[in-house]
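Work out the full structure: start from the sequences and follow the hints.
So the sequences go chain by chain: V and X. Residue numbering for the first sequence follows the working numbering, beginning at 5 and increasing consecutively. Residue numbering for the second sequence follows the working numbering, beginning at 5 and increasing consecutively.
FYI, nobody ran anything at the bench for these hints, they're computed from the structure. Some clues are possibly wrong.
Note that the list lumps identical chains together, so a pair holds whenever it fits in one copy or between two copies.
Claimed, not checked - No farther apart than 20 Å at their CA atoms in a straight line, the calculated lysine to aspartate or glutamate pairs in the EDC-like style are these: (1) Lys-135 <-> Glu-42; (2) Lys-135 <-> Glu-95; (3) Lys-223 <-> Glu-331; (4) Lys-223 <-> Glu-323; (5) Lys-229 <-> Glu-331; (6) Lys-135 <-> Glu-313; (7) Lys-223 <-> Asp-332; (8) Lys-223 <-> Glu-324.
Protein chains: 2
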Amino acid sequence: MTPRNELAAQEVVSLIASGETSAEEVTRACLARIEAREPVVGAFEYLDPAYAIAQARALDDGPLRGPLHGLPIGVKDCFETFDMPTGIGSEIYGGNNTGRDAAIVTLMRNAGAVILGKTVTSEFIAFWPGKTRNPHNPEHTTGVSSMGSAAGVADMMAPVGLATQSGGSTVRPAAHCGVIGYKSSYGEMPTDGLMPMQASTDTVGFMVRHIEDAVLMRKALLGAKPAPSRPAGSPPRAAFIRTSHWEEAEPITHEVIERVAGKLRAAGAVVEEPAMAGRLDGFTEVAVTIQRFEFAHWRAYEWTHHREEISAPLREFMEEGRKTSFEDYNQAQITAAEMRTAFDTLFDDYDLVLTPSAAGEALKLGYPTGSSNFNRMWSLLHGPGINLPAGRGPQGLPVGVQLIGRKYGDDRFLADAAWVHERI
Amino acid sequence: MTPRNELAAQEVVSLIASGETSAEEVTRACLARIEAREPVVGAFEYLDPAYAIAQARALDDGPLRGPLHGLPIGVKDCFETFDMPTGIGSEIYGGNNTGRDAAIVTLMRNAGAVILGKTVTSEFIAFWPGKTRNPHNPEHTTGVSSMGSAAGVADMMAPVGLATQSGGSTVRPAAHCGVIGYKSSYGEMPTDGLMPMQASTDTVGFMVRHIEDAVLMRKALLGAKPAPSRPAGSPPRAAFIRTSHWEEAEPITHEVIERVAGKLRAAGAVVEEPAMAGRLDGFTEVAVTIQRFEFAHWRAYEWTHHREEISAPLREFMEEGRKTSFEDYNQAQITAAEMRTAFDTLFDDYDLVLTPSAAGEALKLGYPTGSSNFNRMWSLLHGPGINLPAGRGPQGLPVGVQLIGRKYGDDRFLADAAWVHERI
Numbered sequence: 005m006t007p008r009n010e011l012a013a014q015e016v017v018s019l020i021a022s023g024e025t026s027a028e029e030v031t032r033a034c035l036a037r038i039e040a041r042e043p044v045v046g047a048f049e050y051l052d053p054a055y056a057i058a059q060a061r062a063l064d065d066g067p068l069r070g071p072l073h074g075l076p077i078g079v080k081d082c083f084e085t086f087d088m089p090t091g092i093g094s095e096i097y098g099g100n101n102t103g104r105d106a107a108i109v110t111l112m113r114n115a116g117a118v119i120l121g122k123t124v125t126s127e128f129i130a131f132w133p134g135k136t137r138n139p140h141n142p143e144h145t146t147g148v149s150s151m152g153s154a155a156g157v158a159d160m161m162a163p164v165g166l167a168t169q170s171g172g173s174t175v176r177p178a179a180h181c182g183v184i185g186y187k188s189s190y191g192e193m194p195t196d197g198l199m200p201m202q203a204s205t206d207t208v209g210f211m212v213r214h215i216e217d218a219v220l221m222r223k224a225l226l227g228a229k230p231a232p233s234r235p236a237g238s239p240p241r242a243a244f245i246r247t248s249h250w251e252e253a254e255p256i257t258h259e260v261i262e263r264v265a266g267k268l269r270a271a272g273a274v275v276e277e278p279a280m281a282g283r284l285d286g287f288t289e290v291a292v293t294i295q296r297f298e299f300a301h302w303r304a305y306e307w308t309h310h311r312e313e314i315s316a317p318l319r320e321f322m323e324e325g326r327k328t329s330f331e332d333y334n335q336a337q338i339t340a341a342e343m344r345t346a347f348d349t350l351f352d353d354y355d356l357v358l359t360p361s362a363a364g365e366a367l368k369l370g371y372p373t374g375s376s377n378f379n380r381m382w383s384l385l386h387g388p389g390i391n392l393p394a395g396r397g398p399q400g401l402p403v404g405v406q407l408i409g410r411k412y413g414d415d416r417f418l419a420d421a422a423w424v425h426e427r428i
Numbered sequence: 005m006t007p008r009n010e011l012a013a014q015e016v017v018s019l020i021a022s023g024e025t026s027a028e029e030v031t032r033a034c035l036a037r038i039e040a041r042e043p044v045v046g047a048f049e050y051l052d053p054a055y056a057i058a059q060a061r062a063l064d065d066g067p068l069r070g071p072l073h074g075l076p077i078g079v080k081d082c083f084e085t086f087d088m089p090t091g092i093g094s095e096i097y098g099g100n101n102t103g104r105d106a107a108i109v110t111l112m113r114n115a116g117a118v119i120l121g122k123t124v125t126s127e128f129i130a131f132w133p134g135k136t137r138n139p140h141n142p143e144h145t146t147g148v149s150s151m152g153s154a155a156g157v158a159d160m161m162a163p164v165g166l167a168t169q170s171g172g173s174t175v176r177p178a179a180h181c182g183v184i185g186y187k188s189s190y191g192e193m194p195t196d197g198l199m200p201m202q203a204s205t206d207t208v209g210f211m212v213r214h215i216e217d218a219v220l221m222r223k224a225l226l227g228a229k230p231a232p233s234r235p236a237g238s239p240p241r242a243a244f245i246r247t248s249h250w251e252e253a254e255p256i257t258h259e260v261i262e263r264v265a266g267k268l269r270a271a272g273a274v275v276e277e278p279a280m281a282g283r284l285d286g287f288t289e290v291a292v293t294i295q296r297f298e299f300a301h302w303r304a305y306e307w308t309h310h311r312e313e314i315s316a317p318l319r320e321f322m323e324e325g326r327k328t329s330f331e332d333y334n335q336a337q338i339t340a341a342e343m344r345t346a347f348d349t350l351f352d353d354y355d356l357v358l359t360p361s362a363a364g365e366a367l368k369l370g371y372p373t374g375s376s377n378f379n380r381m382w383s384l385l386h387g388p389g390i391n392l393p394a395g396r397g398p399q400g401l402p403v404g405v406q407l408i409g410r411k412y413g414d415d416r417f418l419a420d421a422a423w424v425h426e427r428i
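Below is the structure:
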């Protein structure tokens, strides 16, 4: 029998619904794993095991609440929860409780989820890392920012972790931890109760171990209908985009993604390098300009009243943002909007983009934790993205590939990603 | 001498800078006007006159802080303030204080503004009105949702009112109160500290009595550079768009806007009805689908835990949102994105759109307060908008016209709007 903490989310809810296990049993299995491994991994910012069990028992004692009945979820500590503090990885907000739930947390509870605890986030969902270590090797980082959710799901502490992505905060830690990290189309999942950070790109994501579990979350929270699997003999068309950052990637990244491209071709898929890919050269700088300006302006309160409690690297980033002219920001937003329109046409010819998830294996612990250069441009384009684990590097750490889909085409995208995943 | 509370914002800051008046004197003049008129108008949700004076004195006692030094501003009660409660027009949050400032409030304070008090908003910046009455006739409404800021600025209680717009929340109350209501391009001004309501369109706006004061706010808060005035002999090209709601408008609205169109033509401007205007037919329903779905999902916490404290009409709207399928929402978002791209090309041929601000004069007090059908579609297109007072109706109440500009083209737009305003 699969240990209860290792079940897929879909299995958890179906086994609870059929009475083969209980919310309490699954929750206890997750808590046992956390107890054993948390000293090494450090995935949780806040955890009250007794309270998690109490939630599970209340669910077991009542009628089926919804499609997530009994499912334990780790919630990234940037989403408000009325019953747990929300620190956003910042000294400024550590221990803070606004007394309300983020909308997405309520939607999860209403669908029957057990909110297991709050998972570690980097400071203000940006680049200064929290305490989480890579479960595959605790001398290595997970990357930022959804580090606790990535590590916790990778280490079998929870079947699902709520995450966010503004630059590469879902896809990159997922790649480094060897899990599926799905980032939804911008604006579709509620970010109520999430302090806006890089508002033009802040997006909800999920860490899961199975693509079907991302599909389950979309169905449970939005009422989205899963798209049908691709019919036999109709493989997806993939645009292989190396980007101008290709040379920043380690050889293992090149090797893994070329291998994936080869497998897809062998399975009958079109894998081409589209001419328009070159238009993305320089687009990372556009994304950085927007992020800098927005961080400096949108965090004006913290800058003014709590500057000493902001990490030195983030203060420096905000200083640069304060020096960024409005003209440059404005032009960057215009460019971003034009690029979104241009790249929408790419998806008339291709079902998905294949591109690296990260430069390589997870770096050693420390700062910085690596670069989001393979993610930022896609976040700014607002479409869905996903990391699929695709191999191991020379240090034995996971390496993934990133798929990108058409904005608002998430359900079709996830079905196509499943097709790809089966071939890797 | 112009009474200090009747000065334009630009005059306030320049007269304070030159020592001809003081922040305290201006603030006291505003407070005296509020004391005299507030029992009739009801513009403020929270006001502590002694504290406002204390802020002004502290500014008078120190060096010039910035481009808004000494300027009293009424802040719509949906933006967080660390020193005043923030109720969002809802029983649920009445008297609540999160202990922090919305970013835009901090940016105002850092530029030297006096936060005069919190102005009345409709419930959750939607349609259930607050206590504010129309200063031109207290038997009439101001329209929603930035009602306190509109009425307060119209009634000379403050030179500037901070506002928001998701449907028509800045332009419509501005039209009904006879002030300038400027709504910025979506995403450009920080909405940190504003609970997201109709997240796809929530945008910062300002109530002012002079277009130059909106320019001042952009310069002070974003560092935007004012665009040069139109050179002589180069009048703007205006797209006159009646929309499919034209027949919902009162004869006075038709009369006023036709008169404005005539004046612009007489001044040499191109005023044409573009063929593509027909593409907007049905776009209001697209906006309503998005608003409904987002309200139902993004307010999940309040729906679940505080349903009885939500007004009956908003509960009904949320019920409809809960019944709206994800497919319909998703399709509406796709249509909205396509329409944004299509309408961007309109601004290759025209500098601005001329269209009604509201159906007619302000309605009698009660519910509903009128319709946002002339605003919602433009909010969803994400460009800047402005109400310009343009006449009076048969009941003696203000009637305005609405101008719409190209997304991210606000500075040029405001200069063109000033050209139009001078000709009305």
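Evaluated hints:
no.	hint	verdict
1	Lys-135 <-> Glu-42	within (11 Å within a copy, 53 Å between copies)
2	Lys-135 <-> Glu-95	within (13 Å within a copy, 40 Å between copies)
3	Lys-223 <-> Glu-331	between (41 Å within a copy, 11 Å between copies)
4	Lys-223 <-> Glu-323	between (42 Å within a copy, 19 Å between copies)
5	Lys-229 <-> Glu-331	between (42 Å within a copy, 8 Å between copies)
6	Lys-135 <-> Glu-313	within (17 Å within a copy, 41 Å between copies)
7	Lys-223 <-> Asp-332	between (40 Å within a copy, 14 Å between copies)
8	Lys-223 <-> Glu-324	between (41 Å within a copy, 19 Å between copies)
The earlier numbered hints are all upheld by this structure, with none contradicted.
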